[in-house]
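Guided by the hints, dock chain B onto chain A, whose structure is given.
Those sequence lines, one after another, are chains A and B.
Converting from the first sequence to the working numbering requires adding 94 to each position, the first position being numbered 1.
Converting from the second sequence to the working numbering requires adding 94 to each position, the first position being numbered 1.
Since the hints were derived computationally from the structure, they do not count as laboratory data.
Since the model is a prediction, treat every value here as computed from it, not as a measurement.
Misleading hints may appear alongside valid ones.
No farther apart than 20 Å at their CA atoms in a straight line, the calculated lysine to any residue pairs in the SDA-like style are these [what the hints assert, rightly or not]:
1. A/K417 / B/S211
2. B/K201 / B/F271
3. A/K417 / B/R380
4. B/K137 / A/H143
5. B/K201 / B/L261
6. A/K417 / B/A169
7. B/K417 / A/E166
8. A/K449 / A/E105
9. B/K417 / A/L378
10. B/K447 / B/R380
11. B/K417 / A/E105
12. A/K417 / B/L261
13. A/K417 / B/K447
14. B/K449 / B/F104
15. B/K417 / A/V130
16. A/K137 / B/K417
17. A/K417 / B/D214
18. A/K417 / B/M421
19. A/K467 / A/N385
20. B/K417 / A/Q250
21. B/K417 / A/R167
22. B/K137 / A/R384
23. B/K466 / B/P333
24. B/K137 / A/E419
25. A/K137 / B/R370
26. B/K137 / B/E419
Protein chains: 2
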Amino acid sequence: MSVEFGFRLFETDNCARRGEVLTSRGTIHTPAFMPVGTQATVKAMYPGHVRSSGTDILLGNSYHLMLRPGAERVARLGGLHQFMNWPYPILTDSGGFQIMSLSTLCKITEDGVLFRSHIDGAQHMLTVEKAVNIQFLLGADIQMQLDECVAFPCHQDKLTQAMHRSLRWAERAQIAFGNKPTQALFAIVQGGISEEIRIESAHSLRSMDFKGYAIGGLAVGESQKDMLRILDVTIPLLPKNKPRYLMGVGTPEDILFAVARGIDMFDCVLPTRAGRHGHAYTRLGRLNLRNACHAEDSRPLDPESDCPAANGYSRAYLHHLFKAEEMLGAMILTWANIAYYQKLMSDIRLAIKEKRFTAFTEMTHYDWKMEKKKPSGKN
Amino acid sequence: MSVEFGFRLFETDNCARRGEVLTSRGTIHTPAFMPVGTQATVKAMYPGHVRSSGTDILLGNSYHLMLRPGAERVARLGGLHQFMNWPYPILTDSGGFQIMSLSTLCKITEDGVLFRSHIDGAQHMLTVEKAVNIQFLLGADIQMQLDECVAFPCHQDKLTQAMHRSLRWAERAQIAFGNKPTQALFAIVQGGISEEIRIESAHSLRSMDFKGYAIGGLAVGESQKDMLRILDVTIPLLPKNKPRYLMGVGTPEDILFAVARGIDMFDCVLPTRAGRHGHAYTRLGRLNLRNACHAEDSRPLDPESDCPAANGYSRAYLHHLFKAEEMLGAMILTWANIAYYQKLMSDIRLAIKEKRFTAFTEMTHYDWKMEKKKPSGKN
Chain A
95 MSVEFGFRLF
105 ETDNCARRGE
115 VLTSRGTIHT
125 PAFMPVGTQA
135 TVKAMYPGHV
145 RSSGTDILLG
155 NSYHLMLRPG
165 AERVARLGGL
175 HQFMNWPYPI
185 LTDSGGFQIM
195 SLSTLCKITE
205 DGVLFRSHID
215 GAQHMLTVEK
225 AVNIQFLLGA
235 DIQMQLDECV
245 AFPCHQDKLT
255 QAMHRSLRWA
265 ERAQIAFGNK
275 PTQALFAIVQ
285 GGISEEIRIE
295 SAHSLRSMDF
305 KGYAIGGLAV
315 GESQKDMLRI
325 LDVTIPLLPK
335 NKPRYLMGVG
345 TPEDILFAVA
355 RGIDMFDCVL
365 PTRAGRHGHA
375 YTRLGRLNLR
385 NACHAEDSRP
395 LDPESDCPAA
405 NGYSRAYLHH
415 LFKAEEMLGA
425 MILTWANIAY
435 YQKLMSDIRL
445 AIKEKRFTAF
455 TEMTHYDWKM
465 EKKKPSGKN
Chain B
95 MSVEFGFRLF
105 ETDNCARRGE
115 VLTSRGTIHT
125 PAFMPVGTQA
135 TVKAMYPGHV
145 RSSGTDILLG
155 NSYHLMLRPG
165 AERVARLGGL
175 HQFMNWPYPI
185 LTDSGGFQIM
195 SLSTLCKITE
205 DGVLFRSHID
215 GAQHMLTVEK
225 AVNIQFLLGA
235 DIQMQLDECV
245 AFPCHQDKLT
255 QAMHRSLRWA
265 ERAQIAFGNK
275 PTQALFAIVQ
285 GGISEEIRIE
295 SAHSLRSMDF
305 KGYAIGGLAV
315 GESQKDMLRI
325 LDVTIPLLPK
335 NKPRYLMGVG
345 TPEDILFAVA
355 RGIDMFDCVL
365 PTRAGRHGHA
375 YTRLGRLNLR
385 NACHAEDSRP
395 LDPESDCPAA
405 NGYSRAYLHH
415 LFKAEEMLGA
425 MILTWANIAY
435 YQKLMSDIRL
445 AIKEKRFTAF
455 TEMTHYDWKM
465 EKKKPSGKN
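Just chain A, same shape as in the assembly:
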């Protein structure tokens, strides 16, 4: 297939929007949640279960993949989709964010980022152009530009400089990316929690006409209130006919609030990481399966879920698996969490379609409080 990359907007409900991103490898129904497949695997999940849980698109981390197994090796093996048994859309990040958070040395120049691998200490230089090329080698359907990620909190001057550099890098990335009708390169709006800097970034990037726009540098330690304030000033400046991606977000609540403001795409390690640590996200709230209150609870996580991981094992069993440090606990909860997130996204899309997103948000918030209100359910 060689479907041209595109975005269709179906309905809006206040600022919330429902649509679809078209790619050669399939359609992404938006608002969409992208599970994170850092090292060419969504941790503890078979790719078939990721798909059957309702996932349209995965995120891959260029930083990890360029170091191991290496982008050239992935290319020789047929690209990331074939390598990891995921024939559906993949978005890759540029590698910048993880270099800045994981590698030991990290020196930013106008050219790019000099860093040491966290695996073997080897020195690498990631330029803007190399980031584009690595993502080509991986075979990404959607690429992200290299940007300069600053720590939070950050001085206004440093923030402005980093944003300006990210703008210059966006231009270089666009040139390096060239004209690829079936793939997309997204720009990243930066500027921390400064409204002025965000506004300048969004304005400038918009004029460069990217196929999609991400908002980066949020969910890095600022309050939810600050995050939403930045969304409120940034989103209206982005083109309506392009997908909008809020990077690294977030909790189910963050997602509801960001969808309400017009975000179309999300990624976050939360459902997978929480699953590995014994935390379950359900329709009726979050549970810590390590807690003793679950030790003799014969109820499944959610009997109304369609997901075998959420409806097929008792809480008592999951409690036991985590106490006994058995891998199956992480496997079941990761699957159940991804299924919950994707069910939430599908419910969100339906609510927008039916113009009842505000009511849906209220009801969902109400439901999330149920687990705390119910008796512990000893059998």
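Chain B alone, transformed into the frame defined by chain A:
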């Protein structure tokens, strides 16, 4: 269902036999391999995949389960089958072997075994009667008697004493077990690698008329030659109309040799443990996926396997998953190994049925050498 426990012998091919063990929870096609579900889970596998790989019966470890989550708790939660989502037959061991290998204190008296938990150091006394009761609480379809397991190698005197004690314990276990038509208690022949002691053990246990007979105390460090010599003297003394279970065995080769001598049931951690450590058992031999030769090998483990784990991922990808310490590597290889073991058992049963087991054994040994002969298969 309340099917009476039983054993039917269909064919013999020299000493190899094909039959079935009948239980309320389903039929066990013999020769059968029982994957080990130590802590109420076959490590790294969903129970549905254990089943779809061709598993008729699982082994559960009483020692682990009595300590965590506790046999009473499992009983309150509906028994081990319900607890671990495995509605098919389960055999439980008595706990003795693991107490003697895992716990810090281990004092054997005529009454039973005094030991400390390896989890919290708490002191427990496991008597013969308690071992039976724990297995009742778990809901085992097949129970094993408590026996005294000695270290290998072991002095003749000690070996004789332990065997005699195990005989006395067998009688007590039989009394404690009582008359349970739908369940079975198996006796365990002991005696290390001493033919005289094995003969006495087998003779005495046979006269007690158990529903099944296990051979214990092998695969504990002796040579394969010694193991087969002991099988050769022991098996002819066991009743033909009862299932014979060789405990803790073994490699695919051990299984072929033991089936040839008339063994019906096996259990071993090898396919699951090997899978977690990057080793794959296939039709064409054993592979270590950590080896660099697999790094760019795009072939699956075995394109002719019916198992999605064995035919659906490249060796290069599996190599990457183990290098990157991703859980999915252990998940895929464990599944592929259990599927290989069960395919081997099903091929063994067919070969016995068609009276060509010797030729099958030769061909299988020939095939196992193929991986070493083939080019490494760079793509």
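Verification of the supplied hints:
| no. | hint | result |
| --- | --- | --- |
| 1 | A/K417 / B/S211 | 15 Å, holds |
| 2 | B/K201 / B/F271 | 24 Å, violated |
| 3 | A/K417 / B/R380 | 33 Å, violated |
| 4 | B/K137 / A/H143 | 18 Å, holds |
| 5 | B/K201 / B/L261 | 18 Å, holds |
| 6 | A/K417 / B/A169 | 18 Å, holds |
| 7 | B/K417 / A/E166 | 17 Å, holds |
| 8 | A/K449 / A/E105 | 8 Å, holds |
| 9 | B/K417 / A/L378 | 38 Å, violated |
| 10 | B/K447 / B/R380 | 27 Å, violated |
| 11 | B/K417 / A/E105 | 46 Å, violated |
| 12 | A/K417 / B/L261 | 37 Å, violated |
| 13 | A/K417 / B/K447 | 45 Å, violated |
| 14 | B/K449 / B/F104 | 12 Å, holds |
| 15 | B/K417 / A/V130 | 19 Å, holds |
| 16 | A/K137 / B/K417 | 14 Å, holds |
| 17 | A/K417 / B/D214 | 13 Å, holds |
| 18 | A/K417 / B/M421 | 18 Å, holds |
| 19 | A/K467 / A/N385 | 16 Å, holds |
| 20 | B/K417 / A/Q250 | 42 Å, violated |
| 21 | B/K417 / A/R167 | 14 Å, holds |
| 22 | B/K137 / A/R384 | 19 Å, holds |
| 23 | B/K466 / B/P333 | 41 Å, violated |
| 24 | B/K137 / A/E419 | 10 Å, holds |
| 25 | A/K137 / B/R370 | 15 Å, holds |
| 26 | B/K137 / B/E419 | 16 Å, holds |
Hint compliance for this structure: hints 2, 3, 9, 10, 11, 12, 13, 20 and 23 are broken, all remaining hints hold.
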